[in-house]
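With the hints as a guide, bring both chains together as one complex.
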Amino acid sequence: MTLLNRKHTTLETAIAGIPDGASIMVGGFGSPGTPFALLDELLAQGQKHLTLIKNDANEPDIGIGRLIRAGRVDRLITSHIGLNRVAIEEMNRGRLAVEIHPQGLLAEKIRCAGAGHYGFLTDIGLDTEIAAARREIECDGQRWAIEPAIHADFALVHADLADAYGNLVYRGTAINFNPLMAMAADRVIAQAFRVEAPGHLAPETIQTPCAFVSQVVRVDETTSEQGRRTHVV
Amino acid sequence: MSSDQERMLARAAREVVPGQIVNLGIGLPTRLFDYLTPEMEVLVHSENGVLGCQPLAPGGEPDLEMIDSGGAYIDTRPGASVFDSALSFAMIRRRRVDVTFMGAFEVDQQGNLANWKIPGKFSPGIGGAMELAQKVDKLVVLCSHNDKHGNPKILKHCRLPLTAPRCVSRIITEKAVMQVTDAGLEVMDIAEGLDVATLRAATEAELIIDEPRLGRF
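Those protein sequences? They're chains A and B, same order as listed.
Last residue of the first sequence? That's 233 in the numbering used here, and every number before it is there in order.
Last residue of the second sequence? That's 450 in the numbering used here, and every number before it is there in order.
Chain B with its partners taken away, still in its complex shape (with noise of 0.2 Å):
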C-alpha cells in the first residue's frame, strides 16, 4: 500500500465515531478494517448480511460460509449478527448504518456520486451501492484526486451515470479532505507539502478555501 493511501486511510478513520456501525466499501475502503482497534467498539456492517465482521486472523482457517460483500473471507466479532438479503437493505434503508465509505469515478460539488457505470466500458451492475448512497447520513468518499490520465475526478457537474444524487458529506483524496457544504465544496484538510494553487489545478469543481483555518494531513 502506498504511503498516500496510508495517509488517507488513517485520516478517514478519523471519521468513525466509537460505538458506531461502518459499512466498508470494495477496494480502499476494506483497508479501514486495520485502523478500527477492537477498544472502539465499532460493528462493520457487510450488506450481505453481517454486523460485525472482522478480517480473518492471518494463518486462520477460513469458514467457507462466512464472507464479506467482497468476497474475502471473514471473522465475527463480539456482538455480532447474521441475517438475510432484505433485513441487511432494511438496516440500510432505516438508517441504522452510521457511516459508509466508498469509492467513486466522479464525485462534483453539489455532492452527487457516481460509482456504478462507465456506459459502454464498464456496466457489472450496481450491488447494494446505490442504497448505502441514498440511505447513510455520512458518506466518506474515498478515491484519488485525479484518474490515471490525470483528469480531474472532483467535478462540477457528473458526468457517468448517477449512483445517488447529492449523497457524498466529505471527499478524502491524496491531496484534499473536503466537505460537502450548501455553499460548495469546502476544504478542511490539504495533504502535508502541497499548495493551494496546486490543489486548485488538480480539481475542476470550484473549492473554498480558508486558508488560515487549512489543516494538514
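Here chain A stands alone, though its shape is the one from the complex (with noise of 0.2 Å):
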C-alpha cells in the first residue's frame, strides 16, 4: 500500500501502473459514478486484454464502452448490458466473454471480497437458470448456493470529495459500487472533483476510510465526462 503521503498523484501515474491482462472493477450505474477520467486515460494509455467488473457497459461511447469498441477488454463480470448495443454485439460474435450475475449477488460478492471472507450463502437464484453454475449445500435443514467473493487487482472509483490520503466521501447515486470496490482490489485508484488537505473533511462523514484507497487524483468537473453527460445509464 502507498504510503499516506504519496497517494495524491497524477492521472498518467495512477493509471501507469495498470499492467495489460489486468483485472479492475469499475464504479458506476450507468453514467452516475463511473470514473471516466480514469478510463479515458486508460484507454490512452493502451493496456490490453483487461478482465472488466462493472454492474454495467456504460454505452458505446463513454466509459468503459470506449475500451469495449477499442478491443481492449477480453472478459467483463456484469449484471446488464442492455444500453450498450457494442457490448451485446462483440458478446454474440464470441470476441468479449462477459459473465452475467444478478445485481445484488454481484454486489455482495465484490462486498465479501472487500470484507475478506471466501464468499457466502445464499437462497437467491435457486432453481433457476443461474443454478447451473453453482455448487449447493444443504445447512440447517436448507438449500443454499455457494457463492465466492469477488476481487480484483485494481479498482478505479469515483468520489465527489476526497483528502490527500484517500479518504473518500461519494454523492447522490453516485455511490452505488463504489465503496464497495474500494474495499475490493489489491489497488485502488480514487479520482475526485476535489482533493482536501487532511483535516478538511468531517471524520464521520467519510464513507470510504483512507487505508483502503492506494491513489488519489483530483479531477476537472467542468471539463470531465460528468460535467457534460447530458444522458445516461
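Everything labelled a hint here was simulated from the structure, so no lab data went into it.
It should be emphasised that the depicted structure is a prediction, and the values quoted were computed from it without experimental measurement.
Mixed in with the good hints, there may be bad ones.
Here are the simulated distance ranges between beta carbons [as the list claims (entries may be wrong)]:
| id | chain 1 | residue 1 | chain 2 | residue 2 | range |
| --- | --- | --- | --- | --- | --- |
| 1 | B | Val250 | A | Gly46 | 52 to 58 Å |
| 2 | B | Arg399 | A | Ala70 | 43 to 49 Å |
| 3 | B | Arg433 | A | Lys48 | 55 to 61 Å |
| 4 | B | Gly252 | A | Gly71 | 34 to 40 Å |
| 5 | B | Ala416 | A | Arg134 | 29 to 35 Å |
The C-beta atom is built at its ideal place from N, Cα and C for all residues, glycine as well.
Following this line, the structure appears as C-alpha cells:
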C-alpha cells in the first residue's frame, strides 16, 4: 500500500501502474459514479487484454464502452449490458466473454471480497438457470448456493470529495458500487472533484477510509464527462 | 400513453397502501409515479441505491449524479436516503420493500415469471429483477395480455428461463386483473365491456372465474 503522504498523484502516474491483462473493478451504475477520467486515461495509455468488473457496460461511446469498442477488454463481469449495443454485438460474435450475475449478488460478491471472506451462502436464484453454474450445500435443513467473492487487481472509483490521504466521500446515486469496490481490489485508484488537505473532511462523513485507497487523483468537474453528460445509463 | 395503459396504471395504484415502500420496474411500471400522490406518503425504492425518489419536476435542472435504475434523472422526496448497491439489495433480501411492479414476457398460473431472457434473441443480463422477484412479498406484474403477434402471455407453464419460480402475486393486463392462488389463477376484475369467453380465448392459463363476483376496471 502506498504511504499516506504519497497517494495524491496525477492521472498518468496512477493509470501507468496498470499492466496488460489486469482485472479491474470499475464503479458506477450507468454514468453516475463511473470514473470517466480514469477510464479515458486507460484508453489513452493502451493497456489490453483487460478483465473488467462493472455493473453495466455504460453506453458505446463513453466510459468502459470506449474500451470495449477499442477491443481492449477480453472479459466483462456484469449484471446488465442492455444499453450498450456494441458490447452485445461483441458478446454475440464471441470477441467479448461476458459473465452475468444478478445485480445484488454481484454487489455482495464484491462486498464479501472487501470484507475479507471467501464468499457467502444464498437462496437467490435457486431453481433458475443461474443455478447450473453454482455449487449447492445444505445447512440447517435448507438448500443454499455458494457464491464465492470477487476480487480484482485494481479498482477505479469515483468520489465527490477526497483528501490527500485517500479518504473518500460519495454523492447521490453515484455511490452505487464505488465503496464496495474500493475495499475489494489490491490497488484502488480514486478520482474526485476535490482533493482536500487532510483534516478538511469531517471524520464521520467519510464513507471509504483512506486505508483502502492507494492513489487519489483530482479531476476537473467542468471538463470531465461527469460534467458534460446530458444522458445516462 | 394509451387509455388501456392508463386504466392498468389506475388499477395498479390501488395495490399500494399509503405508507408502503414500493419498487417500480423499468417501462410501464415507472409511470405509476403519476398515481402515487404525496399524501400517500409512499417511498419509491430504486435498486441503484435510493429510497424516496420521484420524477424530476418538468423543466427542472437535473443533478447528474441522481438517477433511478432505469436511467432517468430523479429528484428525492422528504424522508429519502441514498446508499450503496450492497445495502440496496440487502433491503430487498430482508423484505423491506413491500410491493414491486414489473413487466413480463410470460407469466403462468403457478405464479412463475419470465422477464429477462429470450434465448438467442435477447439476453442483455438480469439486472436486479431476480432478487426483487424472489424477495418482495407482493409482486404485481403489469403487462399486455398477449404479445404483438396475439399469442397469450398468461400461460399454463412458462417456456422461457425463469426470473424466479412462484413469485407473482397479481397480474394486471388491459383485459383482466388476476390473482395467483393455490387453486390457480383467479380473475378478480375484467375489463369494462369484455366478456368472459373472449378473455378465456385470449388466455392459455386456466382461469378461475366466479362471474357474479367479478369486478370491472
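Index of numbered hints that the structure contradicts, given in increasing order | Those not satisfied come down to hint 4.
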